[in-house]
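Heads up: the sequence lines are chains A and W, in that order.
This note's numbering puts the first residue of the first sequence at 1, with every later residue one more than the last.
This note's numbering puts the first residue of the second sequence at 1, with every later residue one more than the last.
Treat the hints with care, as some may be off.
Said to hold, decoys possible - Listed below are several chain A residues computed to face chain W (Cβ distance under 10 Å; list not exhaustive):
| no. | residue |
| --- | --- |
| 1 | Leu52 |
| 2 | Gly53 |
| 3 | Val82 |
| 4 | Ala90 |
| 5 | Leu124 |
What the hints assert, rightly or not - Estimated spans, in silico, between C-beta atoms of each pair:
| no. | chain 1 | residue 1 | chain 2 | residue 2 | range |
| --- | --- | --- | --- | --- | --- |
| 6 | A | Gln238 | W | Pro44 | 48 to 54 Å |
| 7 | W | Met79 | A | Arg150 | 22 to 28 Å |
| 8 | A | Gly152 | W | Gly83 | 18 to 24 Å |
FYI, nobody ran anything at the bench for these hints, they're computed from the structure.
Even glycine gets a Cβ: it sits at the ideal position worked out from N, Cα and C.
For reference, the chains in residue letters:
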Amino acid sequence: MTTLTDIWSYLAQGPLLWLGLTLGIYILSDWVFMKSGRFPLCNPVLLSIIGLGILLVVTGTSYDTYFQGAQFVHFMLGPATVGLAVPLFANAQNIRKTALPMAVALLVGSTVAVTSALLVAEMLGIHGQVLISLAPKSATAPVAIGISERMGGLPTLTAALVLMTGIIGAIIAPQLLNVLGVRDWRARGFAVGVAAHGIGTARAFQAHERAGAFAGIGMGLNALLTSVLAPYVLHLMQ
Amino acid sequence: MIRHLFLLLLYQLIGESLARALNLPLPGPVLGMLLLFLTFLAAPQLYDAVRGTVTGLLSHLSLLFVPVGVGVVQYLGLMKQEGIELLIVLVVSTALAIAAGALAFHILLKITGQEERP
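Given these sequences and hints, build the entire structure.
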């Protein structure tokens, strides 16, 4: 008879196990998020990462092995980003009307994101490559990684920091915007997209379709601006 | 469904190729998004065709970030050393950026008279 350990070591070699676990744990996390009445700290991305992270550490599985399975989910990120054209088109009329608010909010949001991260980090004694890796943290992962690489940061660390930024943004945005009295879905979504890229955009979609559409635009425009702004601000500070 | 997926992949492919060829700082999928948007403007019937599939895909956007996110396990050492500092930086900076962007948008909506009653 085959033992449980044998079955595990057989499964652990193929992509099926970790692909299945990624979906399963996400579904569970999303259920917990809904059950908790969308309690911010029960963010499904955060819960999934904690759950899968613990599983990897406990079973002694390397991230590379995990990613062999999870890459199929990861791959869909590209087509999904292209698909953001759909909500963008649905809101095209609104977008034309709010070109000026968007331009100003983009400039303000993006500048504050880069500058405040570097200033606070310096105050807390963070320097060198870790500091450089922080600069593009509000841009979407593929762009941020490219920027970090060009400036001499640590691309993989930047990926982790980008992700944490997105989760933090998704967690704090609803309450923060309520406190500030910003109720307009366009303003709320756009600001979250600029500051917290795709994960913020995903959260905005859960709140309202229109917020999601504007978040998608914010994310795209900020990817562009950060690649110009981050090296410039870093240069000014040195 | 397969045709819709093909359309997304095709635009991603065009986006990736153009970004490479022209050395643009934009990621390929973002460029693909802009190109697909322009195509919708020219051919709205294409938008009607793919809307359902794409909306379904986008409703699970959060899931797609999980694989990269699990990569944080590679930095457990650094997180033990500078984790608290990094967390403070990210929370403060993200909160400031969201607040600044949202307030700027809000104020300009008022100035340009584009406010809406929710």
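Status of the hints after comparison with the structure:
1. Leu52: Holds: closest Cβ of chain W sits about 5 Å from Leu52 of chain A, inside 10 Å.
2. Gly53: At about 5 Å, which falls below the 10 Å cut-off, the nearest Cβ of chain W leaves the hint on Gly53 of chain A intact, so it holds.
3. Val82: 4 Å, holds
4. Ala90: At 8 Å from the nearest chain W Cβ, Ala90 of chain A passes the 10 Å test, so the hint holds.
5. Leu124: 4 Å, holds
6. A:Gln238 - W:Pro44: 48 to 54 Å: 50 Å, holds
7. W:Met79 - A:Arg150: 22 to 28 Å: For Arg150 of chain A against Met79 of chain W, whose Cβ atoms are near 25 Å apart, the range 22 to 28 Å holds.
8. A:Gly152 - W:Gly83: 18 to 24 Å: 22 Å, holds
Of the hints listed earlier, there is not a single one the structure fails to meet.
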